[in-house]
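Student: Residues per chain, in single letters:
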Amino acid sequence: MQDPGEDSNTGSPLVGRFRLPLAHDTVREIIRKVSPIAVTATLILLALFSLFVGPVRISWSSAWYIFIAQFNQILNSALTGIHHVISQVPAGVSLFSNTGSRYYTMPEYDIIVQIQEPIVLAAVIVGAALAVGGSTVQGIFRNPITEPYIIGISSGAALGATLTIAVPQFSSDFGAFSLQVNAFFFSLLVVYITYFTSYRRGSVPVTYLLLTGVAISIFVSSIVAFIIYTNTRLQSEVFFWLMGSLQQAGWADIYLVGGIVGVCVILTYMFSGELDALQMGEDYASSLGVRVEFTKMALLTLVALSVSACVSIAGLIGFVGLIIPHISRMLFGGTSRKSIPWSVALGAIFLLLANDIAVGLYAERVVPVGIITGMIGVPFFLFIMYRLSGGAYHA
Amino acid sequence: MRSGAIVLIVAILVVSGVGFYYVQSSGHGQESSTGPIKVTDSLNRTFYFQSPVTRIVSIDPAATATLYALGAYKDLVGGNEFDSYPPSESIPNVGDSYSINYQMLVNLTPQVVLVYGSTFSSVDQKINNTLNIPVIVDNPNSISQIMSFTSMLGNLTGTEHNATLINNWVRQSVTILRDSVPSVNQSSEESVFYYLSNYGGIWTMGQNTFINQMFQIAKLRNIVSFSGSGTINAEVIVNQSPDILLLDQYVPVSAANVAPFNETAAYYSSPQRIYTIFNDSFFDEPDFRIVYSIYWLISTMYPSSMPSLPQFPIKLAYPPTTGFSY
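Here the protein sequences come in this chain order: P and Z. Under the numbering used here, the first residue of the first sequence carries the number 1, and numbering increases by one thereafter. Under the numbering used here, the first residue of the second sequence carries the number 1, and numbering increases by one thereafter.
Derived by calculation from the structure, the hints in this document are not laboratory data. Since we're looking at a predicted model, the values are computed, not measured. Do not rely on the hints blindly, as some may be mistaken.
What the hints assert, rightly or not - Going by beta-carbon spacing under 8 angstroms, a handful of chain Z positions derived as facing chain P:
1) V23
2) F82
3) Q103
4) M104
5) N107
6) T109
7) K126
8) L131
9) V174
10) I176
All residues carry an ideal CB built from backbone N, CA and C; glycine is no exception.
Chain Z with its partners taken away, still in its complex shape (with noise of 0.2 angstroms):
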């Protein structure tokens, strides 16, 4: 048994060893080294195509809004779970950042997949190096880089015009935007929380954010100081007491009215000023529509000042205002 069982281990190892060094020196990824379309995700990776993608599979809801507004919507093959915009997507579901059904997404014969910052980088990895297929992941912390992903997209979908057409409108609108904020000195700036959820805790978006530069246009000061988005102590909003308190679209008032919220300014004041955001795809997803969501915050805060904001550069059958309200 022994010699038999020595054989079966030597021929195992051989076929282990060869088999992973042939796989490991069959090369990754089917996109050109070079190419005139160049495109640069937010982890640095730079990407070559030789002409415009019409296969794309987006498991970024933001990236579907962009491309459906900028006229590229056609090209996309695949969508996902969270996609709100345009409504009545028609496209199949490949799933999300978190699960992906690998048949149905390399079935779809992508040329791209475009991802999310937070999805698993087990996910980059299987689609990158294992199926082939270049995988851009788009992590905006601002409105520039979010105009900056826009742009990638046109370059990407060539329809580089309207991704100039969009980002000047969002250039513009931020300027009426805050210039229609009434002045206030920084330091009697109304302090504002922002409750993102409240499952297994309070969560919220902190500094370094996009929506962090929302409240900075409509002269809110966040009172969470820490970077990105976390669960805060309690403590922390008993103490800065803050104004304004803003509930995400799918906290419940409820919430707002047991410790430490009915501790704060924003409930004591008469009439409260708490609020849910009208709905959280435009809040929350860094698309152009963000500018929907500051004149939303601009009108709410300040209701003497009602920008009114230049008309959106392209015609869509579904407005970019759907599920805008105010």
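With the rest of the complex left out, here is chain P (with noise of 0.2 angstroms):
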């Protein structure tokens, strides 16, 4: 199958137009090449001080000393389940000298090892879904206003959490997670009404998907809304909660929804060609021998999966979906090759930043982190769009 490659200037308004406005096509060059070292650089750099982050102070020599004992815990909680089948690994074994306990107390261990880790990975893992959930999207519907809770994942997300909250009988099958496995799992079902909505002999028009999910989502949240209406004890926590936040993340969650996230992405990487594809048309791609209701649905399952498990732990985060793929494809060039990949890291960068700022704001409050994303978002967005689009937004 042809790639349409980056050069291609016809056809989608996402693909192959987008070139930084430099004088030198050398300056760009270098540009090109030193951007994924910078951005890789800043992910590490940046999740490693959102570490920091917070009323209480901990050095560097403490949190050292904690990440070696964190170490030798994980090490000898896996080689204790090998020995369990293989007799013959050894049961514990400390690969680095432990003895630094004593430069760091209980409380700092667990402000780093519970608190801080888990919410910094869960901007890692939330801020890349949404990216690439936001650029997969983009691109099917060729449209550069179009985000992930366009399809219905947000209201169906808010309906679980919602009902969880208000109808005891949702929220004891689940135990503890009962509020994200309905968020989860009411999200994908009214992604799957809209998919099944839009059918039309034997296709989905991405028109009548768009509008049939700005319509079921509008009828979704009023569901909501009679719902918060009817129950006051909800109105503060789902006000809260749909405000977006990184707070409550915890290991569990980590690892349940950094699976689903991780599987996605990937798949969705495996799925970049045909995505560019699509991005030139429906027919272009059908010319091209892509199976393209296929294409359409695979990659909305996928992205409803993952945006799904990411709100059902953190809320709604807006604008992340919308305006990391425009970044992404002004810095790396519009192919999903590269937009897919690269969205991950600006997407995580972002919100590692935004959740930073929401923290560090005040001195015992946290602000949630969905208010910071649309306030430094925006402005960044528009600087960007005018700046650095070199007229791709023009019509």
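Each chain sits in its own coordinate frame; assemble them with the hints.
Tutor: Next comes the structure, spelled out in structure tokens:
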């Protein structure tokens, strides 16, 4: 199958039209070569830095000994597990000396291991999933102002979360994970209702899908509003949930959601050729041998799975899925083979940064991160659009 | 690329599965399953402690006030945004029921966290299940439940004797207050409406609340028939036309000059029977200070009845009347 490639300059509003408007090709080439290293280094350094953002000061040396203790604990747990199967493997070993426990306190250990590490990883996972979801949905709809929530994920997740809090029957089956599980399944349910309602004579026209998604989202949101209205206990809780926060993330969430997002992102990447073809138009994609309906459904399923999983632990965090794909294309070109992996990194960076601001803005309070993503995301995006898009958005 | 992707997917699934299993099987809760001190919260969860706790974080203003009165304020290592009693609180503030600063909370190394009933279940879950700190939920809907909570805190902090003294004082005071109200037939009781908030509707407190019980003691009939708190249809207020309108401290008096309140008996009576409560922390926080709210209510509605309350049994730097005025 022919790869539409980033040099194509016609057909799609998303592919191949982005150019950094720099005077010399040499400078542009340097930027292109440096950007991957800069983005990767920024992600790693920012993730490390984020572990220390908060009202409690923890020294780097204490953190180092905490990491060693944590590593030894993970290693011992793994070896103990393997030892049960293969008795020749020692049940416990310590690769690094763990005499540093006197250099940190138990609260410091808990803050790093039980609070900050899950939050930082949640920011990376959620940011990545939203950005890749946005990139995929914009490609499918060939519309630069769409984001993953457009197909009903957000309203479905809100319905699941609200029912969990309002109706005891919804909170009994999955114990502590009821809210997450219900948010996940209800968002998938709404996405599939949207998809199959848009079905017309063997295909799902993207315009139908888009409009149906908006309509069903409004309908489901009305049901949520009614439930909230009739149960005052819900009002502040759902209100805060809708604003998005990473503060509740724990290790169990990270393993579950990280697994789902990781698999979905890899599978989405494997569809990058088909997605590029779709961005050029369904007829064009079909002429290249792409199974258009199957590809659309598979990609939407992957987006729904990964974004629903993220919404279930972080609530609704806006703008990431809208703006990060654009920034990724501006920096690294329009093909999905590049925009998807770099959306992962840029989405993670953006959400880490937003969460650091949310935590660091006040000495004691934590602002919902969804507020911050909008406040810093929109001006930043407008700047990028006007200064760096090189006229790509001119009609 | 395909084989590499498959290997990566399998690796992710294995790490996720093993990690999730490990986290789930590692157990929750650092409190003992047995111990001489046994407390049960409003969610019917039972917690055991080996000895009275000495490191408490309170995200519940009523619990903070009660601990102070019990003489256990020294055991409080963290408070919340809305604590008002005792005044001049100097302990760290960890947030409120909606937004907790978990770093600060963990750094305070509490043995137990006290929260109010409206606290988010996700907050409860994070503190209890992830951070392994017992969370005790307080959600009293009546004076007897307020006294039970006081007893529970006394048990938890080793101040049972003071808890008994406070509960006896509450019981005795309520009896005196109830007896001081002129007797009226139930059918001729005056009707009352409590305007709790004008944010996004007309908010009020209905049946099965401790505020409704205060009205019952003062022989006032709450015009609201639903349970708990909520917004009320303005037509009900016009139709029921309450004789008395109580405004929360943060509801502007001007709110009573517009419909539906300017169509009520309270508005048309001369003088108008529209009152702003003296201090909403006394009125809205379910703790022993509710006695003073009932006193204010009865003294305001029946000026000829000025009952004399027994002296508070515990000597405090800030007496419980701090902030109470009539």
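Student: All hints are to be evaluated individually against the structure, with a verdict given for each.
Tutor: Hint check results:
1. Interface restraint check: V23/Z against chain P, minimum CB-CB distance 5 angstroms, threshold 8 angstroms, status holds.
2. Hint on F82/Z is violated. Least Cβ distance to chain P is approximately 13 angstroms, over the 8 angstroms limit.
3. A distance limit of 8 angstroms between C-beta atoms decides the matter here; for Q103/Z the minimum to chain P is near 4 angstroms, and the interface restraint holds.
4. Interface hint at M104/Z: satisfied, since its Cβ lies 5 angstroms from the closest Cβ of chain P, which is below the 8 angstroms cut-off.
5. The interface hint given for N107/Z holds, since its Cβ lies 5 angstroms from the closest Cβ of chain P, which is under the 8 angstroms cut-off.
6. Residue-level restraint check for T109/Z holds (minimum Cβ-Cβ distance to chain P is 5 angstroms; threshold 8 angstroms).
7. At its closest, the beta carbon of K126/Z sits 5 angstroms from a beta carbon of chain P; the interface hint therefore holds under the 8 angstroms criterion.
8. Hint status for L131/Z relative to chain P: holds, with the closest Cβ pair at about 6 angstroms, below 8 angstroms.
9. This hint is violated: V174/Z has a C-beta 28 angstroms from the nearest C-beta of chain P, more than the 8 angstroms allowed.
10. Interface hint status for I176/Z: violated, as the beta-carbon distance to the closest one in chain P is roughly 34 angstroms, over 8 angstroms.
The structure does not agree with the numbered hints 2, 9, 10 stated previously, though it agrees with the rest.
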